[in-house]
Amino acid sequence: MLLLAALVLLFAEGLVRNKTTVAALAGGGQRPVAPDFTLPNLFGHGTTSLASLRGRIVLVNFWASWCVDCRDEAPLFQQIESQYRGRVAVIGVDASDFVADGRRFARQYRITYPLVHDTGSVLNRWVGQPSFPDTFVLDRQGRVVAYFDGAVVASNLSGVLAPLLRSGA
Amino acid sequence: MTGLRARVALGVAVSMLALLAVPAAALACNGWTEPSMEQQLMCPVCHERLDQSYSPVADQIRSNLVHWCTQGYSADRVRSILVGQFGEVVLAAPPAQGFDLLAWLVPGAVLAAGALVAGGLVRAWSRGHGGGPDPPGRPAVDPALDARIDADLAGFDG
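If you read the protein sequences in the order shown, they are chains G and W. Numbers 0 to 168, taken from numbering that gives the first Met the number 0, label the letters of the first sequence in order. Numbers 0 to 157, taken from numbering that gives the first Met the number 0, label the letters of the second sequence in order.
None of these hints come from the bench; they were simulated from the model. Please read all numbers here as calculations on a predicted model, not as lab measurements. Glycine included, each C-beta is placed from N, C-alpha and C at the ideal position. Just so you know, not all the hints are guaranteed correct.
[What the hints assert, rightly or not] Far from chain W, some chain G residues (derived; all Cβ distances over 12 angstroms):
1) A94
2) A105
3) P113
4) D138
5) R139
[Stated by the list, open to error] Just the calculated beta-carbon pair ranges, DEER-fashion:
6) W:A108 / G:R70: 45 to 51 angstroms
7) W:G118 / G:A99: 52 to 58 angstroms
8) G:N40 / W:S73: 51 to 57 angstroms
[What the hints assert, rightly or not] Which bits of chain W does chain G cover? Going by a derived footprint, with three or more residues having C-beta under 8 angstroms, they are:
9) 56-64
10) 84-90
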């Protein structure tokens, strides 16, 4: 009986978790504070945490080497990183992917912004069921102000970034 | 004519060797086969079993399985590498440890509980039909009729 109760609780917890992902909250019009994460860098040599980027506008991009749309996005994020250095930070979270393939992808697209590798726990909390790519825009206080479910289009992204850059908030 | 026969015989021999080579290739991995491994794994994105998934990441995992098979990796090593890259979500069956142990114990516990309940019900049912009082509504046997039947049966015996 106890085991059965535990299973029911687990199922209920799964349902609640799916409705309380960062993506679900942001998609529902809320501005949740982005949960912090610390993940190993894709190329080794330590870890990177989201908290270390606080104070800047942050783009959190979940990608994978096998994702076709991610290939189109990578140059856009690289350009933003270069153009707004110090004001906008980009962090690429390689998830559901082989590290070796992720590294090859990063070299191919000459990505210089921080790249980390996730075995699924962060992706699960942020997105739940990913569509790849998934991108979040965080303001300087770490609140999620926009969520892109799928490929980011430059004009849509600049529409979100422009007021944040102007306001200084 | 002899040359033709020789060619046919050679063709048959090559075909038979090819047939033998197919299962040999499947067993070429270090104690595992690609089809059986695919049945033990899940696509980490679409959450379908790997042998039923056609997603890009499933294809990527499959191509790695081919590589690891030729490299002679053990099944444990393959699973360990995949868990390191994708997390335990890549395993079709949860590991029999920690909280995931519940997934292995609960079905057995439910079956055992079901068997106990069924056993109890059968016992209660058999007791209810084991010489207790007649259920209400059934007419009592008339003693005179009962004596007549006994007498008639005694007549048959005699």
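Hint check:
Not every CB of chain W is more than 12 angstroms from the CB of A94 (chain G) (nearest about 9 angstroms), against its label as outside the interface. Listed as outside the interface, A105 (chain G) is consistent with that label: its C-beta sits roughly 16 angstroms from the nearest C-beta of chain W, beyond the 12 angstroms cut-off. Separation of P113 (chain G) from chain W is adequate, the least Cβ-Cβ distance of about 19 angstroms exceeding the 12 angstroms criterion. No Cβ of chain W comes within 12 angstroms of the Cβ of D138 (chain G); the nearest lies about 29 angstroms off, and the non-interface call holds.
Every C-beta of chain W lies more than 12 angstroms from that of R139 (chain G), the closest at about 31 angstroms, which supports listing it as non-interface. Between A108 (chain W) and R70 (chain G) the CB atoms are about 49 angstroms apart, so this pair conforms to the stated range of 45 to 51 angstroms. One distance hint, 52 to 58 angstroms for the beta-carbon pair G118 (chain W) and A99 (chain G), holds here, with the actual separation near 56 angstroms. Hint check: N40 (chain G) to S73 (chain W), Cβ distance near 29 angstroms, so the stated range 51 to 57 angstroms is violated.
Only when three residues or more bring their CB closer than 8 angstroms to a CB of chain G does the claim for the region 56-64 of chain W stand; here the count is 4, and the claim holds. Residues of the region 84-90 of chain W with a Cβ under 8 angstroms from some Cβ of chain G number 4, which satisfies the need for three, so the listed coverage holds.
Taken one by one, the earlier hints fail for this structure at numbers 1, 8, listed in ascending order.
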